[in-house]
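Join the two chains, each given in its own frame, into one complex according to the hints.
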Amino acid sequence: MSENAATATTPLLQITDLEVGFTTQSGVVPAVRGVSFSIMPGENLAIVGESGSGKSTTAQAIIDLLPGTGKVTGGSILFDGTDLTTLNASGIQRVRGSQIGYVPQDPMSNLNPVWNIGFQVRETIEANTQLRGQDAKKRVIEVLEEAGLSDPGSRLRQYPNQFSGGMRQRVLIGIGLSARPKLLIADEPTSALDVTVQRRILDHLGTLTRDYGTSVLFITHDLGLAAERAEKLVVMYKGKIVEYGSSQEILADPQHPYTKRLVAAAPSLASRRIQAVRNDEEESGALAPVTRDISIVERAEAREASAAGDLIEVKNLTKVYQIRQGGFRKTDFTAVDDVSFSIPKGTTTALVGESGSGKSTVAKMVLKLEDITSGSITFDGKDVGTLPRSELLSFRRRVQPVFQDPYGSLDPLRSIGSTIAEPLLIHGIGDAKSRRATVRELLEQVSLPSSTELRYPNELSGGQRQRVAVARALALNPEVIVLDEAVSALDVLVQGQVLDLLTKLQTELGLTYLFITHDLAVVRLVADNVCVMRQGRIVEQATTDEVFDSPKQDYTRELLEAIPGGNFEFGRL
Amino acid sequence: MSSNTPGQGGGRYVAPIEETPVVAVDAVDESQKAQSVWGDAWQAMRKRWLFWLCAALIAVIVVVALFPQWFTASLPTGGACKIGQSLDPASAGHPLGFDKQGCDVFSRILYGTRSSVTVGLLATLLATLIGGIIGALAGFYGGFLDSLVSRLGDIFFAIPTILGAIIVMQVMPWDRNAITLSIVLAVFGWPIIARIMRGAVLTAKNSDYVMASVALGLSRSKILLGHVIPNALAPVIVIATVSLGTYIVAEASLSFLGIGLPPSIPSWGGDISTAQGSIRQAPELIFFPATALAITVLAFLLLGDIVRDALDPKARARR
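Order-wise, the sequence lines are chains A and B.
Here the first sequence is numbered in the UniProt record's numbering, starting from 1 and rising by one per residue.
Here the second sequence is numbered in the UniProt record's numbering, starting from 1 and rising by one per residue.
Pulled out of the complex, with its shape left as it was, chain B reads as follows (with noise of 0.2 Å):
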């Protein structure tokens, strides 16, 4: 040691052993408290405020969703609404006033809720349990069943969702409503999931993880429900938020165009429909629908988005 500090000419140092202790070769740091991936992810979300703003807006959209009687005293439909009030202004108990046929406008969009939010959370889970499972087959056992899967996945793919509806909710005008619409976009809107899941599932079965399980004697379908499956879920998940609140938009396009749910259900698209044939005498009508419909596909979009970053530490990285 012919000298104390580093760097000073070509000597040799050694620092002095209390500056730097040397710890134990790999010991566990048992400080921290143990946290699996999804509960990084939960960590990861409730540090936002834009989480619980979205988490909230869609607590009460969905509360608005189940019990609309709660927040108005007037029905949306039949005998509640008399032509005699149609364009009538604001008063007490109709916030909003009233639309050309002389519903009260308020009813009408609490209950039109219910409408977007049944068909878009049916419309997502259908299309994420047919793509999902259809996807994860195709992804794990391979060769023919994943060219025909692919295959036919690629026609779906060809044909836009709102399209595809279009032309199947025309053909069967007897029976339009909520559950009726959701299989439809459900039909035409699963080959996105199943692709996501597909190449998700290929990721998974690849790693070691997997090929220690099968070399423990874990079956395959076991290996496939209880290691592949839950560990390729996390971008399906992503991806059904999203969808999540294209799906309300397909159906408000739908009940737009008049294709949709029948005028007998309230529905945002329906009352922007009916909004704009009153336009010269009452403009304020479209803005009320739009407005709702806004509000929730925004706060689904965000809330897909917010778990996505959760879910996927890089492409949070990469903004």
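Isolated chain A, as found in the complex (with noise of 0.2 Å):
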């Protein structure tokens, strides 16, 4: 390879044009259309898009790693003077691993469970390079070592299991940094991760990234992100390229109307807005969408005149589940500990913790899905708990759920139509033509076409499937919705467009919501009080404006500093 080639006035990598094409039974569908753009030795770029975007399909074709009938059809990948679409099948094992390494997206999935952590870092360093037997062994607890895991030389022998995501994460950033490669593509390196983890782990890639001299390729859905850790953006849309440059400048005066929008839509953005508008409303901004600045003061007025008492009242609740070690023997595990927080008529409670802290928990028995082990939960005056059956039915009608995954959450062989029609059916409320009529107009409240009702949930995406669940979830006319991370698993514009439904019917309906999310900018969006959860208790529980200007505990303020790109601000230069 020629070495000498890589100067700091010729790029490392140089893409020209670069089209590829998914081959179908309907003829050739393109996913990459005319891109180009350039990394520079020891630069660091982003490309930013949602979800369909051919983000991923760009890194994947630098590397040969296309899934399926997909193929590069046109255009150049220049790298280190090589052109690699003209490379066959062996010139490129060459080049992937030694010289462009690669960290995947899901470190759950992305090391085999069969064969210990030690086996599949040293076979990395073995495929790219001349060390053997001893020597590997060292380099691969030298490469674990500055991954940052502690004890390296005893993990070896550990499997993929006993290592958390993060821990996995390191390891294979580590694989993928093991032969000093000259470039790095990070895809979604971080998304499956909690924030805190994510923190960590990119600021340990960005050390040694630097320290090497390491070019960065990172594909994100996360303009925060992107912000904070690259020097350049590509923003993706529809296989192609709208806005390349400088990443400072093009948040902060973003030109195409797409980037405005993702711009716009960034939650971190957004949430100043409204704390703009509540604050000093003179000074609400032009790009805000006017709907939600609208609905947060006639929200604020109302709540004001209303004056209602607590709808919800959680008191010292206690989740203890029993699990199996094997044979006979049970041990107690606290997902939930002494939890006490208490939701006022109209207004959003967000339950805030990263995985593993028992908010989803606290949900399901605010739902009355799991049994209390200990402690009460009052709804309207009545306790939950110990509701008799006759009533459960009303229960029900007044308390409606929106899941997370929105691929999972819609029966995939009903229509849409008869999915909102059901819970009506269930609780016997009104005839046929009436139903369908209701249908047509809860369709008509999340801004769907009425002609989805004919639509199976496989047609829709997810963020359709999303305000399909939330119409289910309003059919009744509920008093509270709980909202288990329902926009966790949606594009921002998508997740930006779900909030400013759910807020605005929060206005026209009264509706309270306990919102359970692990995302503290979509939190400063929605959220009246906050409760922070961690470890199945609340360590923190305010306003959200108090949390967000002065938090009292060194785990909110931790969690706060970690929303990538939280201290940057979009959209003004």
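Honestly, the hints are just simulated from the structure, not real lab data.
Idealized CB from N, CA, C, for every residue including glycine.
The reader is advised that the hints may include incorrect statements.
Unchecked claim - Heads up, simulated SDA-like pairs for lysine to any residue below, C-alpha to C-alpha not over 25 Å straight-line: (1) B:Lys222 - A:Gly428; (2) A:Lys368 - B:Glu18; (3) A:Lys238 - B:Ala27; (4) A:Lys238 - B:Gly143; (5) B:Lys47 - A:Ser415; (6) B:Lys205 - A:Ile323; (7) B:Lys205 - A:Ser461; (8) B:Lys205 - A:Asn458; (9) A:Lys238 - B:Pro16; (10) B:Lys33 - A:Glu459; (11) B:Lys222 - A:Asp431; (12) A:Lys345 - A:Glu459; (13) B:Lys222 - A:Leu505; (14) B:Lys205 - A:Gln255; (15) A:Lys330 - A:Lys382; (16) B:Lys222 - A:His427; (17) B:Lys222 - A:Asn477; (18) A:Lys260 - B:Gly143; (19) A:Lys368 - B:Asp29; (20) B:Lys205 - B:Phe106; (21) B:Lys205 - A:Lys240; (22) B:Lys205 - A:Arg132; (23) B:Lys47 - A:Ser26; (24) A:Lys240 - B:Glu18; (25) A:Lys240 - B:Val22; (26) B:Lys82 - B:Ala92; (27) B:Lys222 - A:Asp519; (28) B:Lys222 - A:Asp371; (29) A:Lys71 - A:Gly42.
What the hints assert, rightly or not - Derived, one-sided and incomplete: chain B residues facing chain A with beta-carbon distance under 8 Å: (30) Ala15; (31) Leu218; (32) Phe287.
Written out as structure tokens, the structure is:
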């Protein structure tokens, strides 16, 4: 390989007019259309876009890892003087790993569960270097040490299932960097991880690549992350580049309408807008969606006018699971530990926490989908735990859930119309004709065309399905909706749309929300009160403004600081 | 905007707006026709010529089974068989000649279709009903019922269907007909369906849409019938279609051994057995029922394969 080619003036990677297509029954479907960009040695570049924008496909095309029928149909990928598109299988194999490292998205499925960690790192090292035997083993320990694992010598014999998600991602980063590649492709490296873990891993990755002078190509849907970690930014939309340049410039002053929309919808920005409106209304920005501003103001007024009491009161709530440990031995695991909070009528209370904090368990208990171990939940003056069967149905009518996974929460065999009509049917509301009218009305409320009622879930996108789930939850005119990570799986723009919808519905219908999420940026957008949970306990509980402006606990502060791009001023030059 | 083509130097590039018009966020594509999962599967199946071949074959087989008299004037059994015609070659009205007993071979094959198809369909139906119900209840309600059913299934699993059927059929020689044979085959065949159903029900039971239904106030039995079973049906249908073929083989095997259907009911298995006796004089006689059996079984197995591909696109992609 031509080592000298990579000087400061020639790009390390230069992609020109790249075209990638997937062959289907109806011909070749283009996934990447005329993409061109370059990365200088030591430079970090981020490709941002929503799902289906072609960002991952572009990255996969570079190292010839396109899935299925994908094929580069045009353009060139010049890496260090060589056109990668002209290389044969063994040629590209020599580049992969040793020259271009790759960190995959999902740390859970990208390590082979039947081999120990040491073996998997060693495999990469032996494939890409001349090291063998004891030398290779020494290098494995070095790699793991560099990746930030404590006591790597003894961890060699451990298996992936003994590692947490963050530790696995560290191993994958270690593997990706083990042969000191010139370029590292990181495809959504931390999307599956908690924010605090994400921050530590990205910091570590930043330090390592700076030390080795490695360029990094980030693929991400997170504008904040891109702004923080990369100097250059490529914004992709429908397989094309819509904006390309310095990330600071683009995010501070987006030019293309799509980029503008993306920047406006980034939760950390929008949350600022809402605060701005609340604090001094004259400064309401032109970029923020109008509906959101109005609803916030109206809601605040409505709330003061009604000044209703607490609709839901949770007192000393505890949930203990018994975990079987082989044979008949059981140990207790306290998922929720002495949690108390209350939700005033017509407001939104957010439960925030990282995975395993017990927030979803609380939601399930509020919905009466899980039994309470001790403590109590009172809904409208009645104890939920001891609700008689006769009153359970009316409780179900008044408290409705929306779940996280838009692909799992709708029965794939039922049409949208029948899914939304189901709650009406269960509770015996109306006849066939009036139910149909209600379904159409509900679809309109969630901004879906009424023809959607004939469709099936597999024909809708994630955001559309989530709106259907909201419509189903609204069918019975409930008073409380429990949203369990309801927007977490959605793209930024779609997420913004659903949040707008939820805010609008809250104003119109006086709904009370219990909002479960791991994403603090979203919390600031919609919540009135926040409870921060950690390991089953509430560590901080206050109004949203208090929590964000003057967090009392170190943990809350750590969470806030970990939001990527949290301190970055989007859309303001 | 210092540069107009992407990738030139480090300048800022903004795509011309008319090149990539921004569409409404997450709009429903109304140009596509609405399509259910079953509708999708049907679309996938009807595009394959193999499906139509199987369907045509099975249609012919079923018509023959229902109305064998439409295709031949001769009767397969009883007085129609004259020992004087034993092993006579083909003649007008008797295209395949006569077997050792002097029965018309063509007629026996046509009437034999009825036994094969009856036993195949009935045994499949019974096994699917028994296995499906037991598996669904075990998977959905779990606990003691699940343990009991699973262990019971294991016991039946340990006995190969054909061996179990041999033992049972041997102790009841007085009542061998298509219905008893189907019942016996189903009794030993249901654990397979039950296991498949139980697994599919377990998956469906833990899905979010079931939890959403609970939160809507739907009763457990209605959830089982309305959401869980319909979603667990696909793999069961696939296995049932495939097992139809194996039950036809089982019937033929038992009849060949002489403990399936009695000689008074024409059956391919029995015919193969008789033809074996005269294999030196008329080797072609074994060929006719064997071909009929092979074609019928192949048609059902292929159909099962096609149904699986249509219902489970993942299995198709793996090939």
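Do the hints match the structure? See the list:
1. Note on Lys222 of chain B and Gly428 of chain A: the hinted pairing holds, with a Cα-Cα distance of about 14 Å set against a maximum of 25 Å.
2. For the hint pairing Lys368 of chain A with Glu18 of chain B, the CA-to-CA distance comes to about 52 Å; that exceeds 25 Å, so the pair is violated.
3. This hinted pair checks out: Lys238 of chain A and Ala27 of chain B have alpha carbons roughly 14 Å apart, not beyond 25 Å.
4. Between Lys238 of chain A and Gly143 of chain B the CA atoms are separated by roughly 50 Å; this puts the pair beyond 25 Å, and the hint is violated.
5. A hinted pair counts as satisfied when its Cα atoms are at most 25 Å apart, and Lys47 of chain B with Ser415 of chain A qualifies at roughly 24 Å.
6. The suggested pairing of Lys205 of chain B with Ile323 of chain A holds, with an alpha-carbon distance near 21 Å, which does not exceed 25 Å.
7. Annotation: proposed proximity of Lys205 of chain B to Ser461 of chain A holds, straight-line Cα distance about 23 Å (limit 25 Å).
8. Note on Lys205 of chain B and Asn458 of chain A: the hinted pairing holds, with a Cα-Cα distance of about 19 Å set against a maximum of 25 Å.
9. This hinted pair checks out: Lys238 of chain A and Pro16 of chain B have alpha carbons roughly 14 Å apart, not beyond 25 Å.
10. Distance check on the hinted pair: Lys33 of chain B and Glu459 of chain A sit about 9 Å apart at the alpha-carbon level, within 25 Å; holds.
11. For the proposed pair Lys222 of chain B and Asp431 of chain A, the alpha carbon gap of about 20 Å is at most 25 Å, so the pair holds.
12. Between Lys345 of chain A and Glu459 of chain A, the direct Cα distance comes to roughly 36 Å. Violation of the 25 Å bound is thereby established for this hinted pair.
13. Restraint check for Lys222 of chain B and Leu505 of chain A: the C-alpha separation of about 31 Å exceeds 25 Å, so the hint is violated.
14. Of the supplied pair hints, the one linking Lys205 of chain B and Gln255 of chain A is violated, its CA atoms being roughly 49 Å apart against a limit of 25 Å.
15. Proposed proximity of Lys330 of chain A and Lys382 of chain A is contradicted: the alpha carbons are some 34 Å apart, above 25 Å.
16. For the given pair, Lys222 of chain B sits about 13 Å from His427 of chain A by alpha-carbon distance, which is consistent with the 25 Å threshold.
17. Of the supplied pair hints, the one linking Lys222 of chain B and Asn477 of chain A holds, its CA atoms being roughly 23 Å apart against a limit of 25 Å.
18. Between Lys260 of chain A and Gly143 of chain B, the direct Cα distance comes to roughly 56 Å. Violation of the 25 Å bound is thereby established for this hinted pair.
19. Among the hinted pairs, Lys368 of chain A with Asp29 of chain B is inconsistent with the structure: their alpha-carbon atoms are about 37 Å apart, more than 25 Å.
20. Between Lys205 of chain B and Phe106 of chain B the alpha-carbon distance is near 52 Å, which puts this suggested pair outside the 25 Å criterion.
21. A hinted pair counts as satisfied when its Cα atoms are at most 25 Å apart, and Lys205 of chain B with Lys240 of chain A does not qualify at roughly 42 Å.
22. This hinted pair does not check out: Lys205 of chain B and Arg132 of chain A have alpha carbons roughly 51 Å apart, beyond 25 Å.
23. With a C-alpha separation of about 13 Å, the suggested pairing of Lys47 of chain B with Ser26 of chain A holds against the 25 Å cut-off.
24. Between Lys240 of chain A and Glu18 of chain B the CA atoms are separated by roughly 13 Å; this keeps the pair inside 25 Å, and the hint holds.
25. For the hint linking Lys240 of chain A to Val22 of chain B, the alpha-carbon distance of about 12 Å falls within 25 Å, and the restraint holds.
26. Taking the CA atoms of Lys82 of chain B and Ala92 of chain B, the gap is about 16 Å. The hint holds against a cut of 25 Å.
27. For the hint linking Lys222 of chain B to Asp519 of chain A, the alpha-carbon distance of about 36 Å lies beyond 25 Å, and the restraint is violated.
28. Restraint check for Lys222 of chain B and Asp371 of chain A: satisfied, since their Cα atoms lie roughly 21 Å apart, inside the 25 Å limit.
29. This hinted pair does not check out: Lys71 of chain A and Gly42 of chain A have alpha carbons roughly 29 Å apart, beyond 25 Å.
30. Hint status for Ala15 of chain B: holds, given a least beta-carbon distance of 4 Å to chain A, under 8 Å.
31. The interface hint given for Leu218 of chain B holds, since its Cβ lies 5 Å from the closest Cβ of chain A, which is under the 8 Å cut-off.
32. For the restraint placing Phe287 of chain B at the interface with chain A, the shortest Cβ-Cβ distance is roughly 41 Å, beyond the 8 Å limit, so the hint is violated.
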